[in-house]
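Undergrad: In this text, residue positions in the sequence shown follow the working numbering: the first is 205, and each later residue adds one.
Simulated from the structure, these hints should not be mistaken for laboratory data.
Any given hint could turn out to be false.
Each pair of labels, with its calculated beta carbon distance range [as the list claims (entries may be wrong)]:
hint, residue 1, residue 2, range
1, Thr-251, Val-228, 28 to 38 Å
2, Thr-251, Leu-212, 26 to 36 Å
3, Pro-255, Leu-207, 47 to 57 Å
Using N, Cα and C, we set each Cβ at its ideal position, and we do this for glycine too.
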Amino acid sequence: MTLLTDILLFALPFGIALAAFQFVFNRFIGNEDTAYFAAVMREMNRTTPRPALVPRAKAAGAA
Numbered sequence: 205m206t207l208l209t210d211i212l213l214f215a216l217p218f219g220i221a222l223a224a225f226q227f228v229f230n231r232f233i234g235n236e237d238t239a240y241f242a243a244v245m246r247e248m249n250r251t252t253p254r255p256a257l258v259p260r261a262k263a264a265g266a267a
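Turn these sequences into a full structure, and let the hints steer you where they fit.
TA: What follows is the structure, encoded as structure tokens:
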């Protein structure tokens, strides 16, 4: 078989199946996890101390 027929008979169906699985998983299963991790990241961003970058740059002599 040629490379094109290999792609059409093997890689393309597996790619379509993978895309369908990802769609179904994210649509029906992944929503709770997505919301949970988004809440975790929001809390981390809220409680993470930010370094003062501008005064450090001025102290180093940058204009």
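Undergrad: Each hint: holds or not?
TA: Now the hints, each set against the structure:
Against the hinted window of 28 to 38 Å, the Cβ-Cβ separation of Thr-251 and Val-228 comes to about 35 Å, which satisfies the hint. About 52 Å separates the C-beta atoms of Thr-251 and Leu-212, a value inconsistent with the hinted range of 26 to 36 Å. A hinted range of 47 to 57 Å holds for the C-beta pair Pro-255 and Leu-207, which are about 53 Å apart.
When held up to the earlier numbered hints, the structure conflicts with hint 2 and nothing else.
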